[in-house]
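Visitor: Sequence:
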Amino acid sequence: MFETIKNAWKVADLRKKILYTIFVILIFRIGSAIVVPFISADVLSQMFANVTAGGTIFSYLDMMSGGGLSQATIFSLSITPYINASIIIQLLTIGIPALERIAKQPDGQKKLATITRYTTVGISLLMSFAYYMGLRNGVNGQSALTDTGIFPAIIIMLSFTAGSTFLMWLGEQVNEKGIGNGISIILFAGIVSRGPALIGTLISTAGTNGSTWWIPALLVLGMLAMVVFIVIMTGGERRIPVQYAKRVVGRKMYGGQASHIPIKVNMTGVLPIIFAQSLISLPATIALAFPNPDAGTFWAGFLDLFSYRSWFYAVLYFLLIIFFNYFYTTFQFNPVEIGNNIKKNGGFIPGIRPGKPTSDFITKVLSKITMLGALFLAVIALAPILIGYTGLSVQIGGTSLLILVGVAIETYKQIESQLLMRHYKGFLD
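With this note's numbering applied, the sequence shown covers 473 to 901.
Check each hint, because a few of them may be wrong.
[Stated by the list, open to error] Have a look at the derived ranges for each label pair, beta carbon to beta carbon:
#, residue 1, residue 2, range
1, Gln577, Thr835, 27 to 35 Å
2, Gly818, Ala484, 21 to 29 Å
3, Pro713, Ile506, 30 to 38 Å
[Stated by the list, open to error] Here are the simulated DMTMM-like cross-link-like pairs (lysine to aspartate or glutamate), alpha carbons at most 20 Å apart as the crow flies:
#, residue 1, residue 2
4, Lys885, Glu648
5, Lys736, Glu572
6, Lys583, Asp485
7, Lys885, Asp485
8, Lys488, Glu475
9, Lys583, Glu572
FYI, nobody ran anything at the bench for these hints, they're computed from the structure. Glycine residues also receive a C-beta, built at the ideal position from the N, C-alpha and C atoms.
Using the sequences and the hints given, assemble the complete structure.
Guide: Printed below as a string of structure tokens:
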């Protein structure tokens with residue numbers, strides 16, 4: 473890996489791309505330190521101590537923004553609105569004929585990208601309003617705002633919206649002028665920025681006398697084991713062999729070669745976790761806009777069910793990840809279409825008849841692989857929750873590690889492909 477980076481640095485074009493990406497990350501970290509006005513830092517820190525324990529969507533956003541949300545910076549919403557907008561438009565393109573027709577046009581992807589940008593602004597405004605309402609209610613009736621007038625409300629919401637929109641633009645610039653996927657790079661930088669806080673937590677957990685040194689050591693070993701597990705599962709795939717029959721066209725013979733259909737174990741990436749996290753956090757997040765219910769009431773018990781520490785939360789989270797993994801896979805992989813394409817090109821799966829039997833076989837294999845991938849994502853997402861039942865606090869969860877490993881592998885492969893195009897030797901040794 474280090475040899476690959478060294479070789480990439482020798483190429484002037486790649487060096488410019490890497491430096492540009494580093495510059496964008498620097499801008500992101502500077503913006504993550506600029507605090508929005510009219511907000512009390514003391515009340516905000518107390519509020520987020522309760523929010524993180526409650527398992528609302530704000531705790532998830534705080535992780536994505538590298539702690540920016542808990543500090544109320546201009547990049548508090550991070551790139552999450554753009555991710556949600558992209559997923560929504562992608563799913564609607566399949567379900568709405570008008571968007572499907574646009575996607576099939578020569579410049580359809582540009583039009584869909586424009587629609588995604590406008591959707592991002594709308595989602596940013598809604599999330600900014602929800603965050604503002606949570607700040608206004610504060611903790612125990614004490615508002616986290618220094619001024620609750622209309623003008624401060626507009627400034628706060630527009631600051632959050634502008635920050636999220638600017639990050640969307642930065643991500644697109646990285647795609648054009650930098651290296652790697654811009655959105656993924658920004659997420660990567662936000663999560664990595666929490667590294668010093670994690671190290672500080674591990675040191676404080678060990679204690680001054682070192683009597684509990686085994687606790688942080690066990691957590692570190694667990695994270696390393698999880699990284700290895702993620703790398704193995706991310707690269708894992710089932711290859712269905714396909715044989716193409718020989719055919720003569722004119723004086724030339726075509727076909728006769730063997731190929732395969734790769735079905736990745738983790739085909740959907742982290743998207744099912746994002747869907748499940750957003751949906752299961754809605755009750756606790758909506759509750760932020762209202763006064764806290766009295767203990768012993770129906771609504772207090774209802775919110776306790778959706779607490780991060782409840783078993784109901786863990787079980788429902790598990791089931792939602794399984795459901796969304798199957799749901800999103802159906803849009804990405806169409807066994808009927810693949811079976812028809814194999815038949816049209818004169819191919820067949822050894823031992824399986826062309827046509828419907830081929831589609832049924834691919835569907836059966838896909839179902840098994842999808843279940844394995846769903847269980848993998850569920851284990852990764854639930855690991856910090858299960859560890860939390862023991863009383864230990866985990867600053868970087870399985871979702872963060874999944875994003876970190878995925879982005880690192882994707883960026884590394886892109887650097888390798890760039891070097892391969894320039895006929896660089898030695899980087900695959």
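Visitor: Now look at each hint and say whether the structure bears it out.
Guide: Against the structure, the hints come out as follows:
Under the hint 27 to 35 Å, the C-beta atoms of Gln577 and Thr835, about 31 Å apart, fit the expected range. Between Gly818 and Ala484, the C-beta spacing of about 46 Å breaks the proposed range 21 to 29 Å. Judged by the Cβ atoms, the range 30 to 38 Å given for Pro713 and Ile506 is violated: they are separated by roughly 55 Å. Distance restraint check for Lys885 and Glu648: the Cα-Cα separation of roughly 17 Å lies within the 20 Å cut-off, and the hinted pair is therefore satisfied.
A C-alpha spacing of about 26 Å is found between Lys736 and Glu572, which places the hinted pair above 20 Å, so the restraint is violated. Taken as a hint, the Lys583 and Asp485 pair is broken in the structure, with Cα atoms around 30 Å apart against an allowance of 20 Å. For the proposed pair Lys885 and Asp485, the alpha carbon gap of about 17 Å is at most 20 Å, so the pair holds. Using a Cα cut-off of 20 Å, the hinted pair Lys488 and Glu475 holds, with the two alpha carbons roughly 18 Å apart.
Simply put, Lys583 and Glu572 have alpha-carbon atoms about 11 Å apart, close enough for the 20 Å limit, and the pair holds.
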